[in-house]
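Colleague: So the sequence lines, in the order shown, correspond to chains V and R. In this text, residue positions in the first sequence follow this note's numbering: the first is 1, and each later residue adds one. In this text, residue positions in the second sequence follow this note's numbering: the first is 1001, and each later residue adds one.
Read the hints as simulated data drawn from the structure, not as lab findings. Incorrect hints may appear among the rest.
The list that follows gives simulated cross-link-like pairs (lysine-lysine, BS3-like), each with its CA atoms no further than 27 Å apart [said to hold, decoys possible]:
{"no.": "1", "chain 1": "V", "residue 1": "Lys415", "chain 2": "R", "residue 2": "Lys1022"}
{"no.": "2", "chain 1": "V", "residue 1": "Lys357", "chain 2": "V", "residue 2": "Lys142"}
{"no.": "3", "chain 1": "R", "residue 1": "Lys1123", "chain 2": "V", "residue 2": "Lys415"}
{"no.": "4", "chain 1": "V", "residue 1": "Lys408", "chain 2": "R", "residue 2": "Lys1006"}
{"no.": "5", "chain 1": "V", "residue 1": "Lys99", "chain 2": "V", "residue 2": "Lys131"}
{"no.": "6", "chain 1": "V", "residue 1": "Lys395", "chain 2": "R", "residue 2": "Lys1058"}
{"no.": "7", "chain 1": "R", "residue 1": "Lys1125", "chain 2": "R", "residue 2": "Lys1090"}
{"no.": "8", "chain 1": "R", "residue 1": "Lys1058", "chain 2": "R", "residue 2": "Lys1079"}
{"no.": "9", "chain 1": "V", "residue 1": "Lys415", "chain 2": "R", "residue 2": "Lys1125"}
{"no.": "10", "chain 1": "V", "residue 1": "Lys415", "chain 2": "R", "residue 2": "Lys1124"}
{"no.": "11", "chain 1": "R", "residue 1": "Lys1022", "chain 2": "V", "residue 2": "Lys395"}
{"no.": "12", "chain 1": "R", "residue 1": "Lys1058", "chain 2": "R", "residue 2": "Lys1006"}
{"no.": "13", "chain 1": "V", "residue 1": "Lys153", "chain 2": "V", "residue 2": "Lys99"}
{"no.": "14", "chain 1": "V", "residue 1": "Lys292", "chain 2": "V", "residue 2": "Lys99"}
{"no.": "15", "chain 1": "V", "residue 1": "Lys82", "chain 2": "V", "residue 2": "Lys99"}
{"no.": "16", "chain 1": "V", "residue 1": "Lys357", "chain 2": "V", "residue 2": "Lys153"}
{"no.": "17", "chain 1": "R", "residue 1": "Lys1096", "chain 2": "V", "residue 2": "Lys408"}
{"no.": "18", "chain 1": "R", "residue 1": "Lys1124", "chain 2": "V", "residue 2": "Lys395"}
{"no.": "19", "chain 1": "R", "residue 1": "Lys1096", "chain 2": "R", "residue 2": "Lys1124"}
{"no.": "20", "chain 1": "R", "residue 1": "Lys1124", "chain 2": "R", "residue 2": "Lys1079"}
{"no.": "21", "chain 1": "R", "residue 1": "Lys1081", "chain 2": "R", "residue 2": "Lys1096"}
{"no.": "22", "chain 1": "V", "residue 1": "Lys415", "chain 2": "R", "residue 2": "Lys1058"}
{"no.": "23", "chain 1": "V", "residue 1": "Lys131", "chain 2": "V", "residue 2": "Lys153"}
{"no.": "24", "chain 1": "V", "residue 1": "Lys292", "chain 2": "V", "residue 2": "Lys19"}
{"no.": "25", "chain 1": "V", "residue 1": "Lys142", "chain 2": "V", "residue 2": "Lys183"}
{"no.": "26", "chain 1": "V", "residue 1": "Lys82", "chain 2": "V", "residue 2": "Lys142"}
Computed from a predicted structure; not experimentally measured.
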Amino acid sequence: MSTATNGVTSNLTPPAGVKLPIYFDNQATTRTDPRVVEAMLPYFSDVFGNAASRNHAFGWEAEEAVEKARAQVAKLIGATAKEIIFTSGATESNNLAIKGIAEMYRERGNHIITQVTEHKAVLDTCKRLEKSGYRVTYLPVKADGLIDIEDLKRAMTDQTILVSIMIANNEIGVIQPVEEIGKLCHERGILFHTDGVQAVGKIPVDVNAMQIDALSLSGHKIYGPKGVGALYVRRRNPRVQISEQINGGGHERGMRSGTLNVTGIVGLGKACELCQDEMESESRRLSAMRDKLKAKFEANLDYIHVNGSMEHRLPNNLNMSFVYVEGESLLMGINDVAVSSGSACTSATLEPSYVLKALGLGDDVAHSSIRFGLGRFNSEAEVDYVADKIIDVVKKLRELSPLYEMVKEGIDLSKIEWAAH
Amino acid sequence: MAYSDKVIDHYNNPRNVGQLDKSSETVGTGLVGAPECGDVMRLQIRVNPETQVIEEAKFKTFGCGSAIASSSLATEWVKGKTVEEALQIKNTDIVKELALPPVKIHCSVLAEDAIRAAIGDWKKKNGVAETEAATQTVAAQ
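Put together the whole structure using the sequences plus the hints.
Modeller: See the structure below:
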């Protein structure tokens, strides 16, 4: 196939030292840090005991490794080791926390409050509870992606048993006012669960300062392995009880039965330790890179739009709409760079991102959105290359875009009667 | 999603990108789709008044790679055909040619709509009897 002069796919050559493909999708998952892999390796073979075997050295060794990891996880979020329950990942942690609390506190009330941009692991769990007689309030978010704390106050009733609001959003990286939420909940004796998947390890999280009662976290978002996560469950002030969702054996203080994934847990522990040690410098490095990416777009392109608050945001996230360019076509033009889009065409349901829609953005802006998730293994040279590449492809696709042409001619697109199809 | 080689080729080398003078009597313009649905196609044809042969076709598309490819292909196919011949182009032909997966069939439907809309616009301008399909025309601007 010929490469014509008007080829859309960018053929910029990467600078020396930049290897393709480039991974900028660290909100989806992260590469397991080689130091984590190294820590895990012995537990695949040499140390293979069941951590629940109490009567021989194989079991003791495994248990010791698990307890070390438990302490590493706890330390990262200011908890005590006994408050950490290991799970298969954050989806399970969210299910366990929300269903487990709802069931346990059913006699006290049947009302749960969450918000519209939560991950599906929270939203779908809440929907399931609605079917069994619970009432759920889904708070809206403001244009910047944050909930209005007054809305939360107004939604609380004497039937409210649980508030589940994430620390940071997976699509737009926006950080909710967790400390205020925790305070409000504790003043009223309501339990506060938070999905900490995107925030833990990236920004300081302290379950006591934030008055969090239950917190979900995951290994693979913090350079640990997939298939392992944890749920923090507060033991004092108040002592939170959770009814188990998986029965059999009574592991993890009866809250989560099943033989422990020792290898994964060791990896999760190590990943937490590394995040804690490197958080300060890494957070500075990533936010500088992220800001550079944004500045390059702003200097070279018109009609671009940052989705969500820049002020209350994870250091490694940028979500931007390149208006009048459809997201999937943009991804196609930068095919050696991994990012994701809120465009309908990239989703299985052909619906644009519900998170972006919740910000009050038109569907057209959601269709044009790209999420950049920077991570530990990204370099500034990669940022430069990706920025140039996106700018190149956006310009080419805008030459193809009837909308961009019309806007440039001064036509008001909102005045046109579009035939929705 | 993996794209077919033909989609990639049209995406990389879109045929007949551009604009024709929409106020010209011999030009028909079809603007279909909607920004909130994630795809908008504008397809224009220049028709020879004597022979009713489409001598030129141009497009611009806001949409995914398959939408761009479908409209690019549509401009290639209508060129050299009479308007009546061009009306015989079916979205299923586009699906087959580009090997579009089921989730992308709507892109081909939109391209067929764009052809019909452009021809409908030209017919209206030139007082040619409207065909039933041309009623789908979106009133452009």
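Colleague: Compare the structure with each hint and give your call.
Modeller: Structure-based check of each hint:
1. Between Lys415 of chain V and Lys1022 of chain R the alpha-carbon distance is near 18 Å, which keeps this suggested pair within the 27 Å criterion.
2. A threshold of 27 Å between alpha carbons decides the hint, and for Lys357 of chain V with Lys142 of chain V the separation of about 11 Å falls inside it, so the pair holds.
3. Taking the CA atoms of Lys1123 of chain R and Lys415 of chain V, the gap is near 25 Å; set against the 27 Å cutoff, the hint holds.
4. Straight-line distance between C-alpha atoms of Lys408 of chain V and Lys1006 of chain R comes to about 31 Å, which puts the hinted pair past the 27 Å bound.
5. Distance check on the hinted pair: Lys99 of chain V and Lys131 of chain V sit about 12 Å apart at the alpha-carbon level, within 27 Å; holds.
6. Straight-line distance between C-alpha atoms of Lys395 of chain V and Lys1058 of chain R comes to about 19 Å, which keeps the hinted pair within the 27 Å bound.
7. At roughly 24 Å between alpha-carbon atoms, Lys1125 of chain R and Lys1090 of chain R fall within 27 Å of each other, so this suggested pair holds.
8. For the suggested pair Lys1058 of chain R and Lys1079 of chain R, the alpha carbons sit about 10 Å apart, so the restraint of at most 27 Å is met.
9. Note on Lys415 of chain V and Lys1125 of chain R: the hinted pairing holds, with a Cα-Cα distance of about 23 Å set against a maximum of 27 Å.
10. Annotation: proposed proximity of Lys415 of chain V to Lys1124 of chain R holds, straight-line Cα distance about 22 Å (limit 27 Å).
11. With a C-alpha separation of about 24 Å, the suggested pair Lys1022 of chain R and Lys395 of chain V falls inside the 27 Å cut-off, and the hint holds.
12. Simply put, Lys1058 of chain R and Lys1006 of chain R have alpha-carbon atoms about 19 Å apart, close enough for the 27 Å limit, and the pair holds.
13. Between Lys153 of chain V and Lys99 of chain V the alpha-carbon distance is near 23 Å, which keeps this suggested pair within the 27 Å criterion.
14. As the CA atoms of Lys292 of chain V and Lys99 of chain V are separated by approximately 42 Å, the hinted pair breaks the 27 Å bound.
15. A hinted pair counts as satisfied when its Cα atoms are at most 27 Å apart, and Lys82 of chain V with Lys99 of chain V qualifies at roughly 21 Å.
16. At roughly 24 Å between alpha-carbon atoms, Lys357 of chain V and Lys153 of chain V fall within 27 Å of each other, so this suggested pair holds.
17. Distance hint between Lys1096 of chain R and Lys408 of chain V is unfulfilled; the C-alpha atoms sit about 36 Å from each other, more than 27 Å.
18. This hinted pair does not check out: Lys1124 of chain R and Lys395 of chain V have alpha carbons roughly 35 Å apart, beyond 27 Å.
19. With a C-alpha separation of about 31 Å, the suggested pairing of Lys1096 of chain R with Lys1124 of chain R is violated against the 27 Å cut-off.
20. Straight-line distance between C-alpha atoms of Lys1124 of chain R and Lys1079 of chain R comes to about 20 Å, which keeps the hinted pair within the 27 Å bound.
21. A threshold of 27 Å between alpha carbons decides the hint, and for Lys1081 of chain R with Lys1096 of chain R the separation of about 20 Å falls inside it, so the pair holds.
22. With a CA separation close to 24 Å, the supplied pair Lys415 of chain V and Lys1058 of chain R stays within the 27 Å bound.
23. Simply put, Lys131 of chain V and Lys153 of chain V have alpha-carbon atoms about 25 Å apart, close enough for the 27 Å limit, and the pair holds.
24. This hinted pair checks out: Lys292 of chain V and Lys19 of chain V have alpha carbons roughly 20 Å apart, not beyond 27 Å.
25. Simply put, Lys142 of chain V and Lys183 of chain V have alpha-carbon atoms about 21 Å apart, close enough for the 27 Å limit, and the pair holds.
26. At roughly 37 Å between alpha-carbon atoms, Lys82 of chain V and Lys142 of chain V are farther apart than 27 Å, so this suggested pair is violated.
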